[in-house]
Every structure is written in structure tokens, then in C-alpha cells.
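S.K.: With the sequences and hints as input, model every part of the structure.
Protein chains in written order, with my numbering: chain A, 1 to 176; chain B, 177 to 601.
It should be emphasised that the hints constitute simulated quantities derived from the structure, not laboratory data.
Among these hints, one or two may not hold up.
Stated by the list, open to error - Facing chain B, according to a computed beta carbon distance under 8 Å, are these residues of chain A, among others:
#1 M26
#2 V55
#3 V58
#4 G59
#5 L65
#6 L97
#7 A102
#8 P119
#9 E120
#10 I136
#11 I138
As the list claims (entries may be wrong) - Computed footprint of chain A on chain B, listed as stretches where at least three residues anywhere in the stretch have a Cβ under 8 Å from a Cβ of chain A:
#12 209-221
#13 231-244
#14 443-449
Unchecked claim - Examples of chain A residues toward chain B, derived with CB under 8 Å:
#15 T14
#16 V34
#17 G62
All figures in this text were calculated on a predicted structure; none of them were measured in a lab.
Every residue gets a Cβ at the ideal spot worked out from N, C-alpha and C, and that includes glycine.
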Amino acid sequence: MKFIDKISNALSLTERTLLVLFVFVMVGLSFLQVVLRNAFSFGFLWADPFLRYIVVWVGFFGAILATKDEKHFGLDILNRFLSPRSIHAVKTIIDALACVVAFLLAQAAVQFLFEAIGPEEKDLFDLPRRLYFAIIPIGFGLITLEFFFNVIRNAHKFITNAPSANDQPQQSSGQA
Amino acid sequence: MTLVIVGIILLLLSLFGAPLFVLIGGLALYLFSSSGGEAQFIIAELTRLNDFPSLIAIPLFTFAGYVLAESKTPQRLLNFTQAAVGWIPGGLAVVALLSSAIFTAFTGASGVTIVALGGILFPILLKQGYRENFSLGLLTTTGSLGLLFPPSLPIILYGVVAQISINKLFVAGLVPGILLIILLAGYSIIISMRTQVQKTPFDLMTLFRALRVSIWEIPLPIIVIYGIYAGLFTATEAAAITAFYVVIIEVFVYKDLKLFSDIPHVIRKSMVLFGAIFVVLGTAMGLTNYFIDAQLPQQMFGWIHGFIENKFVFLVLLNGILIIVNMIEIFSAIIIFVPLIIPIANQYGIDPVHLGITFLLNLEIGYMLPPLALNLFIGSLRFERPITQLYRAVVPFLMILLVMLCIIMFYPDLSLWLVRTLNVK
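M.R.: Take a look at the structure:
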């Protein structure tokens, strides 16, 4: 368990750092663009397409952290009637399934990156287009990994019969 | 037949809390592979999100809303509205309605209004002599009030998904939104006159002091709303201005939040919500595209049209279904259902902007509809009252919202008139 938490925490630190960096860039650059456009009728041509890529990167980092925090949207109605121990069992099965689907999506993303985009295709700043879309396989890959960690954590809780950490109804939304 | 079995399995998994994006992604993978397509098409569809110029408004407004929620803005907003309108009969209830509407519009109606404003207002309402059930119902309702005003997140998401102008939706929501507040305020004033609650005396100095403290936050709704209505900037530009502005005032002017310790924390919290929306949006792109290629909306229209010819009957039935869906899940309902509903509604001659406002008010009701709505759970936790008491408490307010929904359904001009008059693009 400790080993998994160690990897998970190290990954999360990197993800959070990158996320914060990207959001700072997103907020600063988009504001600068509005000021330039409205006050000086000027703007960086690269800024809008660049921001659109940033949004995709931010979205995936958010999704990875949502997986870690178990904050994805779900209905979660029947779990309210289960005992804490059966919740761990149900969560283990659900997360295992989610892990498989996320893996298949990651695989599809790798296929997309290497088949649909040519190695010579360039985008902003003359960088390969594959680089900008690399977040899709990376994102789904890390989501797969987080689901895998969740499987082990929940299975561990089921086996050791640990008390449920969240018996609050967590219907949706990112509110803590 | 297999599709029915797959559907039942998916429904069961979702009821046991499987993430919706996993179910959507799984279904898309299954459909694409069983029709001989390649899984990478789903990813190709996801990359189309990169072509949505207004998508960036979602993370920017979500972030700005969380910054406001984590700072002392709720308290300042409350002090100001109380000094301004607290003296009228039923003043405190009206204060609750107005401040919550503004706050919810900016924070995206994710239950945070009840936590931040409702928690402060509840004891004050009781102290002034408002009945407990009235106060509970009022505050649970205010949790989603303001959803029709810019820059509320559900409006933007609807615009992105439906691919219609967000500015049009912002303008269209104004008249129905104000009318709803007037109805609720009227009801609150009547109730407060009957229960003879305490009045807050008007004091110019208090108002002046509250104004001076909130001087940096008051321009925010004015800039955003005026800018959008006057056509000075787009929703995306308004988002960029808002996000930047709130960081500057909360970090450097009010010093409620620290740039290097609090802001990263707010970023993480808010982007988890955006990330959750983003993956549902991304995986749903492939699925809805599959359905649209398979002409599912046309088939559904043909089937429904066999029973229902009148567009208003259709609208009523649609809203009946949507209210249940919206009670259970909020953001995902927009992402999954809107692309399928719009083509059907179009065939009935329903304007997508009118449909949008109907959908959003429906969402507002879904937020507080017993027995499963999110705000009931949040309210029950925040006000420390059993959820069954909240079920009873929301009933009169629920009725007012349902009446408003009917008015909006049957009078499309209520939503569309201002859009036409201002000639919004």
C-alpha cells in the first residue's frame, strides 16, 4: 500500500505543478489577448490556437486529478443502501472496469497519434503536431493508472474491512 | 437485443456509481468496433474539442467562481445587499434571493451558494422571525437561482454543446431570470408580512460603508453583464477578464487569498470540476456523433411524431423527462442529451435558444427536486436538518418554479424578444 501511495503522490505533485503552471498561463495570456485586441487592435496570432491546446491539457490534468479524488460525475444512487464493506467491494469492481475502459481509450489514443497524424505534420512554433496531442494518450494512460491504484486501495479496504471514508452522498460536482 | 442488454448493464453500473465518462467511452468503443470502425475515431472526435473557441470560457469562469467562493466575497456581497434592500418588507428574504442569484451566476451553481451564503443567512433569517421551513425552502431554492444569468457555467456548457451563440443565451435568460426572482420575491414578501418578521431599518451610512468595502467587487457583474449585453466582448473575453480581475482583487487588494499557497489549491479544486466535465464532453463527442450518423434523432422524431404532433405537448413531455434526468445528474445531462434533443426540437419548430432557456430553468428545478437532487443533500448537511424536512420545505418554491417553467415553455417570446431587439449575434 505504502509503495502505491508513494508513486501516486509523486505523480500527483508533478500533475499539480503542471496544472498550476498551465492555468497561470491560460489566465494571463487570455487576459493579455483581450487587452491587446480591445485597446490596441492587436493580438498574437499564435495565442488563440495555443490557448485552445492549453485547455485540452488542463482538461486532462483535471480529469486525472478527478480520478484520484474520485470526483468524476456518476449517479451513485444504489451505493447509499449498501454497507461500508460492500461499498468497497462494489468500488473495486467498478474501478477495475473503469481501468479497462480507460486503458482501451489510451490504446485508441496511441493509435490515433501514430496513424492519424503524420510524423512530419507541424503546428504552432513549428513543433510536431503529435506533441500537442500527446496529452490524450498520456492523459488516458495516467487515468488508467489512477483507476488501477483505486482498485488496489479499495480491494485492500475490503480485505482489511476498513471503515468507509466517504459515506456522504457524493452525487456530482467538484465540491469538497 | 444486444444493445438492450448492454444498455441495462450500463444503467446498473451507473447506478452503482461508475463514472459516466467510462460508461460513455465504453459504449462508444463497443458501438464503433461492432460497426467495423476503428477505436481511434473516438479520439479523432475528441480532438474536435480543440476547434471550440468558447470552450476556454468554462475553465476560466470555473476558476474565477472558486476564487470568489474561497475568499470573503460572500460575506461582503451579503452586507452590501442587506444594506441596500434589507429595509423593505421581507427584506432579508429578498436579500437572500438577490445575493444568491449573483453569487450562483458567478460560481456556476455547484452547491457552493448554499455552503457559503446559505450558511450565513439561515441563522439570521430565523433570528428575524422567519419560519424555519420557509427559510430552509428559500435557501435551498437560492442554491441554483441565478443559473439563467451570465456568466453561469450551465449556460456556457449548453452553448458549447449545442454550438449556438453563448451571448444569445445570456441575453435570452435575462427576462425569464428576472421574472422568476420577482415571483419568488413577491411570495417571500407576502409570507413575511403574514408572519410579521423584524425589519432592518435603512441607514445611509451603513449602505455607504458596505459600498466602500465592496467597491472592487461591485464593478464585476456590471462589467461582465453590460459588456456582454452591449456587445463589447464575447463570453470568452468576459471569462478572461473575470478570471484575471478576481485574482488581482482577492490576492492584491483584499488579500483574502495568497498567490502561492491558496491560488494553487483553488486551481486544483476548480480544475477537478473542469476535468470531470471535460472527459464527459470528450468521450460524448464520439458517441453523439455515432448516434447522429445513425440518424437516431430523425428516427426518434419519426417515432415520437406518430404520437405527438403539437410542439407544446412535445415540450411538456420533454420537460417531464428532463426534470428527472436533471435531478439525477446535472452537467452530464446537458452534454449527453442536448445534441440529441436539438435536432428533434428543430423538427417541431422549436428555437434552440428558447429550448436552451427552458432546459436551464428545468435544470434549476432539477437541482432541488425531491428525492435525489444535489442541493437537498447539501442543504441538509449545511443546515443540519433531516432531508425529509427539506422535501416539505421546498414544495411552495418548487411550485413557483414549475409555474415559471410553464410560462417560459408557452411564451417563447419571453426568451427571444430581447435577443431580437438587441440583435445579438
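S.K.: Need the list of violated hint numbers for this structure, in ascending order.
M.R.: As far as the earlier hints go, 8, 9, 11 and 15 are violated by this structure, in ascending order.
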